[in-house]
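Model the full assembly from the supplied sequences, consistent with the hints where possible.
Chain by chain, the residues:
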Amino acid sequence: QSALTQPASVSGSPGQSITISCTGTSSDVGGYNHVSWYQQHPGKAPKLMIYGVSDRPSGVSDRFSGSKSGNTASLTISGLQTEDEGDYFCSSFTSGSTVVFGGGTKLTVL
Amino acid sequence: QLLESGGGLVQPGGSLRLSCEASGFAFSDYAMSWVRQIPGKGLEWVSVISDNSDKTYYADFATGRFSISRDNSKNTLYLQMNTLRAEDMAIYYCATNFRYFDQWGQGTLVTVSS
Numbered sequence: 605q606s607a608l609t610q611p612a613s614v615s616g617s618p619g620q621s622i623t624i625s626c627t628g629t630s631s632d633v634g635g636y637n638h639v640s641w642y643q644q645h646p647g648k649a650p651k652l653m654i655y656g657v658s659d660r661p662s663g664v665s666d667r668f669s670g671s672k673s674g675n676t677a678s679l680t681i682s683g684l685q686t687e688d689e690g691d692y693f694c695s696s697f698t699s700g701s702t703v704v705f706g707g708g709t710k711l712t713v714l
Numbered sequence: 053q054l055l056e057s058g059g060g061l062v063q064p065g066g067s068l069r070l071s072c073e074a075s076g077f078a079f080s081d082y083a084m085s086w087v088r089q090i091p092g093k094g095l096e097w098v099s100v101i102s103d104n105s106d107k108t109y110y111a112d113f114a115t116g117r118f119s120i121s122r123d124n125s126k127n128t129l130y131l132q133m134n135t136l137r138a139e140d141m142a143i144y145y146c147a148t149n150f151r152y153f154d155q156w157g158q159g160t161l162v163t164v165s166s
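First to last, the protein sequences are chains A and B.
Positions 605 to 714 (the working numbering) are the ones given, in order, by the first sequence.
Positions 53 to 166 (the working numbering) are the ones given, in order, by the second sequence.
For the record, the hints were derived by calculation from the structure and aren't laboratory data.
Each hint should be verified, as a subset may be incorrect.
Claimed, not checked - Distance condition first, Cα-Cα at most 25 Å in a straight line; then the derived DSS-like pairs of lysine-lysine:
#: 1; chain 1: A; residue 1: K710; chain 2: A; residue 2: K648
#: 2; chain 1: A; residue 1: K672; chain 2: A; residue 2: K651
#: 3; chain 1: B; residue 1: K107; chain 2: B; residue 2: K126
#: 4; chain 1: A; residue 1: K710; chain 2: A; residue 2: K672
#: 5; chain 1: A; residue 1: K651; chain 2: B; residue 2: K93
#: 6; chain 1: A; residue 1: K648; chain 2: B; residue 2: K93
#: 7; chain 1: B; residue 1: K126; chain 2: A; residue 2: K710
#: 8; chain 1: A; residue 1: K710; chain 2: A; residue 2: K651
What the hints assert, rightly or not - Label pairs and their calculated CB-CB ranges:
#: 9; chain 1: B; residue 1: S75; chain 2: A; residue 2: S665; range: 40 to 48 Å
#: 10; chain 1: A; residue 1: Q620; chain 2: B; residue 2: D106; range: 42 to 50 Å
#: 11; chain 1: A; residue 1: G663; chain 2: B; residue 2: E73; range: 21 to 29 Å
#: 12; chain 1: B; residue 1: D112; chain 2: A; residue 2: P618; range: 41 to 49 Å
#: 13; chain 1: B; residue 1: S57; chain 2: A; residue 2: P618; range: 35 to 43 Å
Every residue gets a Cβ at the ideal spot worked out from N, C-alpha and C, and that includes glycine.
What follows is the structure in structure tokens.
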């Protein structure tokens, strides 16, 4: 199972919006509404930000939103804040009853 | 809360058993997973076990070498890792659920080196 494809890095200024893409295949992202997104700060465990393509866990800011079109899922962060800086990973359930992650995207808030 | 233990230094070809002790939630109601991360690199799903242990799934690299299990009476998840290779060196996290991972432990570092 190949990793999902994410851009290596994205950047934005405080207050702006950014979108991180996550491209897979019809056997993972395109075939199931089981895409999730994780935020990770240095030295910390990942934190679930979005699950089920677009659902937010309790306590996660509504500035974070998720969507999907075909084989590509997207995470949008609006009203960027400095604390949003970190690494973001997408994941998807697959047809092989496994889970595959993206390679990760480093978000820099300028 | 999830608390992993059992990581450490092991020689290539050796074995290690990781543990993950859960508290503060109904452990026996959740599927549980292991996810690993080479420091500074991406996340990689390892394995999952259903809430009552009747189903287990593994990543290709783990099939035949790793074995996931759980003891609901002890609120503990395990990962037995055999025939370890240099490329298995990573931080191993336990996490709740499978299709998404909503709670994570702090991770335990496995180092494979002679």
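Subject >> Straight-line alpha-carbon gap A/K710 to A/K672, limit 25 Å >> reply: holds, 20 Å
**OP:** Decide if the proposed pair is consistent with the structure: A/K710 and A/K651, CA atoms, cutoff 25 Å inclusive.
**Re:** Holds, at about 15 Å.
Subject >> Pairwise hint evaluation, A/K651 against A/K672, where the allowed Cα distance is 25 Å at most >> reply: holds, 20 Å
**OP:** Starting from the hint 42 to 50 Å, judge whether the C-beta atoms of A/Q620 and B/D106 obey it.
**Re:** holds, 48 Å
Original post:
Does the Cβ distance between A/G663 and B/E73 fall inside 21 to 29 Å?
Top reply: Distance hint for A/G663, B/E73 holds at roughly 24 Å.
Original post:
Between B/K107 and B/K126, does the CA-CA distance stay at or below 25 Å?
Top reply: OK: B/K107 and B/K126 at ~19 Å, within 25 Å.
**OP:** Confirm or reject the claim that B/S57 and A/P618 have a C-beta distance inside 35 to 43 Å.
**Re:** holds, 40 Å
Subject >> Pair hint outcome, A/K648 versus B/K93 [Cα-Cα no greater than 25 Å] >> reply: With a Cα-Cα distance of about 13 Å, the restraint between A/K648 and B/K93 holds, given a limit of 25 Å.
**OP:** Please work out if A/K651 and B/K93 have their alpha carbons no farther apart than 25 Å.
**Re:** Distance ~16 Å between A/K651 and B/K93 Cα, so the pair holds.
Original post:
Are the Cα atoms of A/K710 and A/K648 separated by 25 Å or less?
Top reply: holds, 15 Å
Original post:
Holds or violated: 41 to 49 Å for the Cβ distance of B/D112 and A/P618?
Top reply: holds, 42 Å
Original post:
Does the alpha-carbon distance linking B/K126 and A/K710 stay inside the 25 Å limit?
Top reply: Distance ~38 Å between B/K126 and A/K710 Cα, so the pair is violated.
Taken one by one, the earlier hints fail for this structure at numbers 7, 9, listed in ascending order.
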